[in-house]
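From first to last, the protein sequence lines are chains A and B. Reminder that position 200 of the first sequence reads as 200 in full-length UniProt numbering, one-by-one numbering, no gaps. Reminder that position 402 of the second sequence reads as 402 in full-length UniProt numbering, one-by-one numbering, no gaps.
Don't read these hints as lab results, they were simulated from the structure. Note that this is a predicted model, so its numbers are computed, not measured. Watch out, some of these pointers could steer you wrong.
[Unchecked claim] So, partial list: chain A residues that the calculated Cβ filter (under 8 Å) puts toward chain B:
(1) L71
(2) N174
(3) T177
(4) E183
(5) Y184
(6) G202
(7) K204
(8) H206
(9) H207
(10) S208
(11) R210
[Said to hold, decoys possible] The calculated BS3-like cross-link candidates involving lysine-lysine, where the alpha carbons are at most 25 Å apart (straight line), are:
(12) B:K307 to B:K290
(13) B:K68 to B:K139
(14) A:K197 to B:K139
(15) A:K315 to A:K338
(16) B:K244 to A:K308
(17) A:K204 to B:K195
All residues carry an ideal CB built from backbone N, CA and C; glycine is no exception.
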Amino acid sequence: MSTEGIENLIDLLPLYYQRLFPFHDYYRWLSYGDPSVFSRREFSFTVRDDVYIRYRSFVNQDELQLECRRLLPFKIDIGAIYNICPKDEKKFSSFLPVERELVFDIDMTDYDDVRSCCSGADICTKCWKYMVIACQILDSALREDFGFEHLLWVFSGRRGIHCWVCDKSARELNSMTRGCVAEYLQLITGGELKAKKVNFPGPKLHHSVRRALNIIEPLFVSMCVEEQNMLGTEEGVAKFLPLILDDSLRSQVKDLFKKHTSSVERWEAFTACYQVEKQTGKKWRLNHLLEEIMIQYAYPRLDINVTKGMNHLLKSPFCIHPKSGKVSVPFSPKAIGKFNPLTVPTINLLIEEINAFDAKEDSIQESNTRRKIKDYKKTSLNKSVHVFQEFLRNLEDASKGQKILQSDMLMEF
Amino acid sequence: MDYVKRISRIKPEVSSLKETYPHDLQLYCTPPSGDISLAEFQELALERLKVLRIVESVYVQTDIESDKRLSTVLSELRDDNSLSYYVKLLQGTGCGTHSESDLKARRKDHISHFILQLAYCSSDELKKWFISREIELFKLRYSSLNSEGLQQFLKISSMNFVPISQNEKEVIKEYLTQSTVGYTDTYIEVHDFYKVSFCKVTDLVRNRRVYVHSGFAYIPDKELISVFVTVLRMQLASALAYTKRGMPILNTDDRLFTLLNSLHNTYTGDDFTISDGAAVPIESLDALSKSSYPLCMRFMHDALRAKHHLKHEGRQQYGLFIKGIGVLYEDAVRFWREEFCKKMEPEKFEKNHLYNIKHNYGKAGKRTNYTPYGCLKIIQSNVGPEQIHGCAFKETDIKILKQKMLSYGLNSTAINNIAGYVESGHYQIACGKYFEAVHKCPPPHAVIHPNVYFRDSQSVLTNGNSSIGTGQSMNGEKNEGKQTKPDPVMDDADDMDIVLSTAVL
Ligand code: SF4
Ligand SMILES: [Zn+2]
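Put together the whole structure using the sequences plus the hints.
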């Protein structure tokens, strides 16, 4: 994969911010029906030559739009909503973040110790499955357990996904509660020096873990054992064995692995041995070993600091990844199974599409009678904007509902 | 001094205290008001810090089962007489009794908590440490409440919870059984569950110990403590953030600033009163007394060498001090025996004094491992005729003090400077200035304990980070300059009261 990025990005960005970036919907989102909320939001821009500008804020859509067209940011990051407009920040000592979407960041590089198909910034359809699982597990937990409804899922532009929980109650969480949600969802903990990163002590398995396993189990063998060749190499076996804390089981498994060569055979040998041992050995430590292993290999790996902090910046939807040229597109979690990161439109493609469309139109009709059609509709960005708009409709309906409820309550009093 | 003043003072009258402190447990919602002395301020701070360290040490020992933690902490607290009011607090059942000593303990709990807030608000790491320890302490105390105490506490904290209906429970029974960690199926079947916003029980949710659905956590009756823990945690987090913003006002007071700083510099939990280094041979005490002892200890050491005797309080104060710097039991026995027996029959020594040394080293009697006295205790001690213990700056005639310092090689500027503090009653500041004059650099920590003084002195001398170790003459000029620099003016030096007013907190 190239690391030098898109050479002519700076030439393409003017047209992108002029005709494609969905400023109108973007403003609908970030204002949440209240212009003051928008104006207190921090934006930060990375412009040409890696110049980084923090604490920008804009009173309305026009101002943001103008600035983007002027500065042509390579990257836009979204920060928190502050008590004071961030651009006035220096004048006040009590400058504090007051609201912020609850955000999640899952990056493929955190899976390097379990994926064998690629490493680092690279991704392929095999390892993308980790993202599919992550999205499904987090989406269901956030909705079912925490009751959140307005989840905006976004492809990060290269090798990961972001989730923006936009419910009012989520935006208003304090950082302690954010930490609580983050840790509730974080099952894998520990660094290089800790082999076994998942432990479920005791006889019970929490319903959220059970639900995650229901998502992982049907895919585990084909995805982790087979495709990622979990036990097919010396290295893989060396990573696996320390997860078995019970000495006698571990040495049994070690011997068994010598008799088999393929990853699948080894896995089957392990599970068979484990079942026997678990039933006869009465060892509490073995209680959830299988579940622990599956979670360690396939459960979402969260960068929980991003979630915990209120003023952590996160890359905005619809900006262009400067290396891959791909757009950070929103996607529907229901359709995550069909989402292919490799075919996400790049800025080059979008501009070709727009030009091709216009040329075709021109050839059919006289230019002065050209149909009024939104530019993004001429491109493969159309689908993503639709996903975004559907999210916005739900968000706005809920906020209307909230307002009606509030006025009803006022009437009652 | 710039800190805000308040006129009203806490009058420890039982009736008003009972209104302020109606319960053994509190959530520290309002800061205390009124004045306390610097002495009490320090004492309370150090004592609470000791308790928090004990609590921490018990929580980190994973082999102590959770229901044994309270008794382990209590037994450690009982080893230290000065912490007896914490024993009371930790055993408080709620509102069973409101005796004067109960109320005093509650007041100390309240004030000491807020003092530590001052010391622990400055960095995120310190905040985190403090909040965690306070919560552990709170949990232990909560576990001592009886059911009436709990009901009263709920009421005082205006928390009104209603358990979920039997019907509702029936519908989600499977999930409750699956996800309520640490409770048997029968317990879950029989006991009440409460439905609370997950934000209110973050500790339980964070660790996946309860069933969570649609933003609500379903908690068994016993876990109501978690609601308090969350409230306390939030309360502390915002209080510390708020306190931090108020800190610049406090920092204008030199004494407070150094005290608060020194508190958190030693926060990591090592007991500064006990040497962490190698054993100190008694042969080196003469040299050490000159280089690293604070004056109180140097005077006693010199007196012992000269008169071959020290009275009981002196033996206690000095004996525990040398134990703290690292003199081993056998060596201590030898030290005292050799010195005393120059004037005394060996039998008499064995009979009258050996026991005491054993006692101090925890080898006899209650087997309490006594810790060395802090400055506060030393300053407050009663010094009778022919006794030489107590704080050297307080108990020595100013003329003699000046002569002594002159004979130790201090220059007259430094001596007069120190004498100024002594005369206005700022003994510990004087002691710090003395340190500075001897070491040519200010003490790394405020002088609050002779053993801290000693340890700081040793680290300055051995690390040479302050230029001393490498040779005085080389740095003479620079140090000269430093010494003549005028000290911050103490414009209100006779007022020893620290104001703990709401305006500051
Ligand atoms: S202040 Fe403390 S160390 Fe200094 S002389 Fe007095 S008691 Fe000793
Ligand atoms: Zn791959």
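- [ ] Find the hints from earlier in the document that the structure breaks and name them by number, from lowest to highest.
- [x] 1 and 14
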